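Colleague: Chains as they are written, first to last, in the numbering used here: chain A, 4 to 322; chain B, 1451 to 1778.
Careful, some of the hints might be misleading.
Stated by the list, open to error - Subject to a maximum C-alpha distance of 25 angstroms in a straight line, what follows is the list of computed DSS-like cross-link-like pairs (lysine-lysine):
| # | chain 1 | residue 1 | chain 2 | residue 2 |
| --- | --- | --- | --- | --- |
| 1 | B | 1724 | A | 200 |
| 2 | A | 266 | B | 1657 |
| 3 | A | 12 | A | 73 |
What the hints assert, rightly or not - Derived CB-CB ranges, DEER-like:
| # | chain 1 | residue 1 | chain 2 | residue 2 | range |
| --- | --- | --- | --- | --- | --- |
| 4 | B | 1489 | A | 257 | 36 to 42 angstroms |
| 5 | B | 1556 | A | 309 | 38 to 44 angstroms |
| 6 | A | 205 | B | 1734 | 31 to 37 angstroms |
| 7 | B | 1468 | A | 144 | 25 to 31 angstroms |
| 8 | A | 291 | B | 1576 | 37 to 43 angstroms |
| 9 | B | 1753 | A | 102 | 39 to 45 angstroms |
| 10 | B | 1529 | A | 138 | 54 to 60 angstroms |
| 11 | A | 34 | B | 1729 | 29 to 35 angstroms |
| 12 | B | 1729 | A | 125 | 52 to 58 angstroms |
| 13 | B | 1556 | A | 150 | 35 to 41 angstroms |
| 14 | B | 1468 | A | 76 | 54 to 60 angstroms |
| 15 | B | 1725 | A | 205 | 33 to 39 angstroms |
| 16 | B | 1537 | A | 16 | 55 to 61 angstroms |
Keep in mind that the hints were calculated from the coordinates and are not lab data. The structure presented is a predicted model; accordingly, all values stated were derived computationally and were not measured. Glycine is no exception: its CB is placed at the ideal position from the N, C-alpha and C atoms.
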Amino acid sequence: MILSVRDLKVSFRTDGGLVRAIDGVSFDLDESEILGVVGESGSGKTVSLLAVMGLITDPNATIEGSIRYKGRELVGLPARELRRLRGNEIAMIFQDPMTALTPVYTIGWQIAEQIRAHRGVSKSKAMERVEELLAEVNFPNPHEAMSRYPHQLSGGMRQRAVIAMALSCNPALLVADEPTTALDVTVQAGILDLVRKLRATHKSAVVFITHDMGVVSELADRVMVMYAGRVVERGSRTELFSDPRHPYTRALLGSIPPLTGEKPRRLPAIPGSPPSLLRLPQGCAFGPRCPVRFEPCEAAKPALGAGTHPAACFRVAQA
Amino acid sequence: MTDADRPILETRSLAKRFSIGTRFSAEGRRTVHAVDNVSLTVRRGETVGLVGESGCGKSTLARCLVRLYDISDGKLLFEGDDITSKSLSELRPLRRRLQMVFQDPSASLNPRRRAGDLVAEPLRIHTKLSSAEISKRVAELFDLVGLLPDHVVRFPHEFSGGQRQRVGIARAIALNPDLVVLDEPVSALDVSVQAQIVNLLADLQEKLQLTYIFIAHDLSVVRQVSTRIAVMYLGSIVEEGPAEEVFARPAHPYSQALISAVPVVETTPSGTRKRIILTGDVPSPLNPPSGCRFHPRCPIAVDRCRSERPELKEYRPGRRVACHFPTV
Chain A
4 MILSVRDLKV
14 SFRTDGGLVR
24 AIDGVSFDLD
34 ESEILGVVGE
44 SGSGKTVSLL
54 AVMGLITDPN
64 ATIEGSIRYK
74 GRELVGLPAR
84 ELRRLRGNEI
94 AMIFQDPMTA
104 LTPVYTIGWQ
114 IAEQIRAHRG
124 VSKSKAMERV
134 EELLAEVNFP
144 NPHEAMSRYP
154 HQLSGGMRQR
164 AVIAMALSCN
174 PALLVADEPT
184 TALDVTVQAG
194 ILDLVRKLRA
204 THKSAVVFIT
214 HDMGVVSELA
224 DRVMVMYAGR
234 VVERGSRTEL
244 FSDPRHPYTR
254 ALLGSIPPLT
264 GEKPRRLPAI
274 PGSPPSLLRL
284 PQGCAFGPRC
294 PVRFEPCEAA
304 KPALGAGTHP
314 AACFRVAQA
Chain B
1451 MTDADRPILE
1461 TRSLAKRFSI
1471 GTRFSAEGRR
1481 TVHAVDNVSL
1491 TVRRGETVGL
1501 VGESGCGKST
1511 LARCLVRLYD
1521 ISDGKLLFEG
1531 DDITSKSLSE
1541 LRPLRRRLQM
1551 VFQDPSASLN
1561 PRRRAGDLVA
1571 EPLRIHTKLS
1581 SAEISKRVAE
1591 LFDLVGLLPD
1601 HVVRFPHEFS
1611 GGQRQRVGIA
1621 RAIALNPDLV
1631 VLDEPVSALD
1641 VSVQAQIVNL
1651 LADLQEKLQL
1661 TYIFIAHDLS
1671 VVRQVSTRIA
1681 VMYLGSIVEE
1691 GPAEEVFARP
1701 AHPYSQALIS
1711 AVPVVETTPS
1721 GTRKRIILTG
1731 DVPSPLNPPS
1741 GCRFHPRCPI
1751 AVDRCRSERP
1761 ELKEYRPGRR
1771 VACHFPTV
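Using the sequences provided together with the hints, build the complete structure.
Modeller: In structure tokens:
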């Protein structure tokens, strides 16, 4: 077990009151496993992973629960210790590669810096490794690319450079937050291919955050669907996509227009919009938009059951 | 020619060039060919989808079509009337018939004005309606796009993303336009809200007999709303045809790669779709490749493709492709 998160809760004090961004999220991750985390904006998918990385430094935030990385508790670990893990054993890829790269240094310099910070190697050794890494992420001319600045690269190439940087210390855990959202589909296909290949060669476990059901179904081994700070359904890719149980998962899958076959005249849309975390309903957060809600949904929040394919829904529990 | 067949908008070899740099910059003055030799016909009541990677010129083309950009070359005809070089005052009566909806409603709506006011603005400028009549029309429009009557006093930031886009749409249809150009209207929205807006656009099209030009990078959304699609690459159309046909049997190698790259939800454990992964990036429009502009990334390119640029030709009624070796 690489990562084990138990009952994680993250809240922020705001002018409008206490916002519980994450409300009791638990999940496990095995070696060389890809976990897909799907949800809309505000569902808490990014915040939960920032908590895992120890990147929530807002003084108004409180983090409760337990995050164990290889058996070691990360919640409450001093910043010094966390820094030793981050970039070395745990790496992260962000949505916008331009914000992850500094514009004033070359790609080669930036990747080498990370290697030298974590491994005490010489500059020339580090540079050799950079060239290898850039070749691995399919840069057509890795030696030349090392001397390029981020603005001289295309979006896809920048994201490849960030991936090369994330892989530089052979991380055991790679967290990717919407790494392909800003990219064109043709470029995205290449990046997804790369993540798959790297999982095989580096044996890294990957947490892949996205809002795109298609991407998850092509990449992930297991899937976790989030809504308003809670996990609403979890299961293996096959379980989740061939037998979606939570009404939200079903509705989300139904609202994607098909790419082949008959065009529906109207799309089965979900009414309303995701709730504000400041004004969450008493019961199930999806209740107000749910086509199959009944009395119990208004009184209490349904718990995510046990088993390999649980769904947090009273209807599912009843069936 | 019946009324339905008469083109509402037509471009003939339309081109848009931008010059960048000055004569003092390192490379001197250079020209970007953002849109190059586009001939497109849009008939009344249909939805033409424009697809392609970022930087392929689809948004530039959209802006040329409503004359937000001046056109560098070629012709733009609205109902057979040449509007390529009409002056702003001559264009004014046309503006009410040609409208546009933008991608990010929080950027295209003035944050300091109320939603009702924003929707009333085109009515105040283009019509002679009294303020009571304008309020009535605004209420009608709010109802039409699925907003509540008390939403008129809200400011843009008080709406959710989907509602904001509804305000943007109400503003665009306020003057009963004939043609609406939609530039990525659902891209900034959450997945669960996208379908609502897609449905709303379909309903409005039916009710108000609108013609749409729809731009999106999400191919499944484009397929859903479009009757015809045009695939663009590096400023030019490489393939055009009825939406469902092009998606089912793309003829141009670029369209094939583009469509195959879309990730789809598969319920079977192993995917059966064949994926074509393109190598390299979209070349710079500053320095486009010789011959067919797609040849450096094309899996089936031969010598002829490097020297001779294929023209967009009709190979079957309704289907056009710009390739020496199309899959037909």
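Colleague: Confirm or reject each hint.
Modeller: Status of the hints after comparison with the structure:
{"no.": "1", "hint": "B:1724 with A:200", "in the structure": "holds (17 angstroms)"}
{"no.": "2", "hint": "A:266 with B:1657", "in the structure": "holds (20 angstroms)"}
{"no.": "3", "hint": "A:12 with A:73", "in the structure": "holds (20 angstroms)"}
{"no.": "4", "hint": "B:1489 with A:257: 36 to 42 angstroms", "in the structure": "holds (39 angstroms)"}
{"no.": "5", "hint": "B:1556 with A:309: 38 to 44 angstroms", "in the structure": "holds (42 angstroms)"}
{"no.": "6", "hint": "A:205 with B:1734: 31 to 37 angstroms", "in the structure": "holds (33 angstroms)"}
{"no.": "7", "hint": "B:1468 with A:144: 25 to 31 angstroms", "in the structure": "holds (29 angstroms)"}
{"no.": "8", "hint": "A:291 with B:1576: 37 to 43 angstroms", "in the structure": "holds (39 angstroms)"}
{"no.": "9", "hint": "B:1753 with A:102: 39 to 45 angstroms", "in the structure": "holds (43 angstroms)"}
{"no.": "10", "hint": "B:1529 with A:138: 54 to 60 angstroms", "in the structure": "holds (57 angstroms)"}
{"no.": "11", "hint": "A:34 with B:1729: 29 to 35 angstroms", "in the structure": "holds (31 angstroms)"}
{"no.": "12", "hint": "B:1729 with A:125: 52 to 58 angstroms", "in the structure": "violated (34 angstroms)"}
{"no.": "13", "hint": "B:1556 with A:150: 35 to 41 angstroms", "in the structure": "holds (39 angstroms)"}
{"no.": "14", "hint": "B:1468 with A:76: 54 to 60 angstroms", "in the structure": "holds (56 angstroms)"}
{"no.": "15", "hint": "B:1725 with A:205: 33 to 39 angstroms", "in the structure": "violated (22 angstroms)"}
{"no.": "16", "hint": "B:1537 with A:16: 55 to 61 angstroms", "in the structure": "holds (57 angstroms)"}
Of the numbered hints stated above, those contradicted by the structure are hints 12 and 15, listed in ascending order.
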